[in-house]
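Listed here are the chains, written in short residue letters.
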Amino acid sequence: MALTGVQIFKLLPKTNCKKCGFPTCLAFAMALAQNKVELAKCPDVSEETKKTLGEASAPPIRTFNLGVGDKAVKMGGETVLFRHDKKFFNPCALAVNIKDNSSDDELAQKAAEVAASELNRVGQKLRVDAISIEYASNDSAQYAKAVKLVADKAPDAAIILNCKDAAAADAAVKAIAARKPLLYGATNETAEALANIAKTHDIPLCASAQGLEDLSALTEKLQGLGVNDIVLDSGAKTAKEIIEHNTQIRRSALKKNFKPLGFPVLNCVIRDDSTLEASIASVAIAKYSSIVILSSIEKWKNLAIFTLRQNLYTDPQVPMQVEQKVYSIGEPTPDAPLMITTNFSLTYFIVSGEVENSKVPSRLAVMDCEGLSVLTAWAAGKFTAAKIAQFIKDIGIETQVKHRELIIPGQVAILSGALEDKLEGWKITVGPREANAIPTFLKSKTV
Amino acid sequence: MSYIIPKESYNGKVLSVDFGKGNNALTVGGGNCLPFLSFEGELPHPPVIAYEIQDTVPEDWPDTVKNIYKDVSANPVTWAQYCQNELKAKALALRLVSTHPDRENRSTEDVAKIIKEVLAAIEVPLIILGSNHIEKDASVLVAAAEAASGSNCIIGKAQEGNYKTIVAAALAHNHKLIAMSELDINLAKQLNILITQMGFAKEKLITDPMCSALGYGLEYTYSVMERIRLAGLLQNDATMQPPILGDVGMYVWKVKETVASESDVPEWGTLEERGIAWEALTATGMLIAGTNLLIMRHPKAVKITEQTINELI
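Those protein sequence lines, which keep their order, are chains A and B.
If you read the first sequence in our numbering, its first letter stands for residue 5, the second for the next number, and so on.
If you read the second sequence in our numbering, its first letter stands for residue 95, the second for the next number, and so on.
Please note: incorrect hints may appear among the correct ones.
[To be verified] Straight-line distance between alpha carbons at most 25 Å, and here's what the computed PhoX-like set of lysine-lysine pairs gives:
1. A/Lys90 - A/Lys78
2. A/Lys447 - A/Lys426
3. A/Lys244 - B/Lys394
4. B/Lys350 - A/Lys303
5. A/Lys449 - B/Lys164
6. B/Lys107 - A/Lys244
Honestly, the hints are just simulated from the structure, not real lab data.
With the hints as constraints, model all of the structure from the sequences given.
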């Protein structure tokens, strides 16, 4: 829980020595409370104060990486229960599970699927982030061999060692120590042995328990054993357990500053039906999971899950933008209508949806207005006659269409005169004020 | 340290709305906590899924979902019976698309006839939707409400531009009413106030804050729904307590991900599974955000969503 300036002031030397650069200790305390300055600026602060303030300023959910390198996934660090309160920061990692007693071909195949899973959506590269290798063979040599094979074939993926046996886990970690695998997971019985491995190799450890009471006790035990990077597995199986446990964990961490549950959460959502699995994964993604383990990663499924994750992790305060370009809807001929709008994603989705509904093949020129809607962009001077004229000239549309008619949104009808002056040879037509009138409008143009 | 479950205390409650008649009548809403968090409240009525049917062959639906109904969709009565009897639909949503002036521009007399025929052929509750043409819906839904008098249907959607006649008709013929606004919590609140000021009880309202498909603004709908729920439950805002509708199918089955073939976009995988997943995941997102009533199209997507609901309650 963050301390107030006055609470911090009480912990300072109160000498007003000015060595920190502030005129008084109180002024320094106020700046500390707002995170504007670091405690280290005070040369005389006691060790005890350092510890107290350090704990108070630690984020409520610990942040660390799954995996290594530039594809590592940052986990934790969340600050809100609802995305509209601020935003969700670190998108949940997606992992696929495979058993170590699968054939070498199957192991290599799964690893290759993960390595090739990357898709581009609205300018972001999205992928399956991790592979979980399950210890099913009961043969630690086989486990280490399978882990090594998968890790080599998927060189960018994070590795999760789904193994509760200390000897097998130890051998596997040694085989791929540089990849910093997540060890999943320590139970009350195996806590000491697995904590030892995690500490030796400086890798994160997942605590697996049944219910949050046992889980908090287990994470305290692991912290006592010197493990700091902990992932939580509450034993949640059904969607109900997932949403309830994850909500309770997030609330405990954020509202109660309950340290034993201030860690990222892992959920396993494996189901027989792949679409159901995707649906349950969506519950986990929406409600606070940091790692979701799946049993299969078909392309259609990845696209749907990636998109849901991307949607929920967008910043509600920053309008999502679509790429500036001329979008073809249907299969427009050189004579097809040409419309223009701004690049606020919702504007684009609604306008393009209505153009599709019209069944009139058309071109929609989307102009970069920093993600503002039409009227806002106009008011902000980003969707003006001069800028639209420049955009139409620059985007090379004159080679794509035979005609010279541009349909502008009805909301900015006022621009039509100025635009005709600036775009020589073009006719400017004022379209509907609301998107739902577009189908009628486009159909009337083609008769 | 012993663990204390952090429970939220809520001041308000989602209103419960029933529709249909007799043994097949359904109730949605009624909960006094956030969706599926029954460790801290009561959630007496699980979300309901209605199958969407139309009053004309759905030529604009992609094959994945159009082909399912190809033998029955020429007639809304056979389509309705197929959903009720073969697909075991618990509710139906009849969308009167052919009344749109750009489609067949069908008359209100035809509407009345279709409604009566469909109601005579089914036992499950019916939702009656216009074509989303503001002016035409104002007369179509009045005729529909009259034709369905006494059947306790849900009629919609009343919007800012046409609510007056629709509200009056729902009131006169004792139906429930969907109030729809466009992705803005304040507009949703304002419309509910306008409608209740006409003497329409808030206990008979359903709020549709406008759905969006996965990848096409889902996050806006998601957050508007969460904020509506929080306002109704935490702040006890009576205008934000009607059950929420998620009209999923119509937004999903036109986006590129449910239409583009695998040969066009090989990196997106098989089209049929992709389309079904798109509808199911959109529905799951809406459920988590607070939707009480869903309208969907594909039987497999409905089945997956029902299984998800069963796991969540």
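Cross-check of the supplied hints:
The straight-line distance between the Cα atoms of A/Lys90 and A/Lys78 is roughly 18 Å, inside the 25 Å bound, and the hint therefore holds. For the hint linking A/Lys447 to A/Lys426, the alpha-carbon distance of about 28 Å lies beyond 25 Å, and the restraint is violated. The hinted pair formed by A/Lys244 and B/Lys394 meets the criterion: a straight-line CA distance of about 22 Å does not exceed 25 Å. Pair hint B/Lys350 plus A/Lys303 holds up; C-alpha atoms about 15 Å apart against a cutoff of 25 Å.
The suggested pairing of A/Lys449 with B/Lys164 is violated, with an alpha-carbon distance near 32 Å, which exceeds 25 Å. Under the criterion of a C-alpha separation no larger than 25 Å, the hint pairing B/Lys107 with A/Lys244 is consistent with the structure, at around 21 Å.
When the structure is compared with the earlier hints, violations turn up for hints 2 and 5 and for no others.
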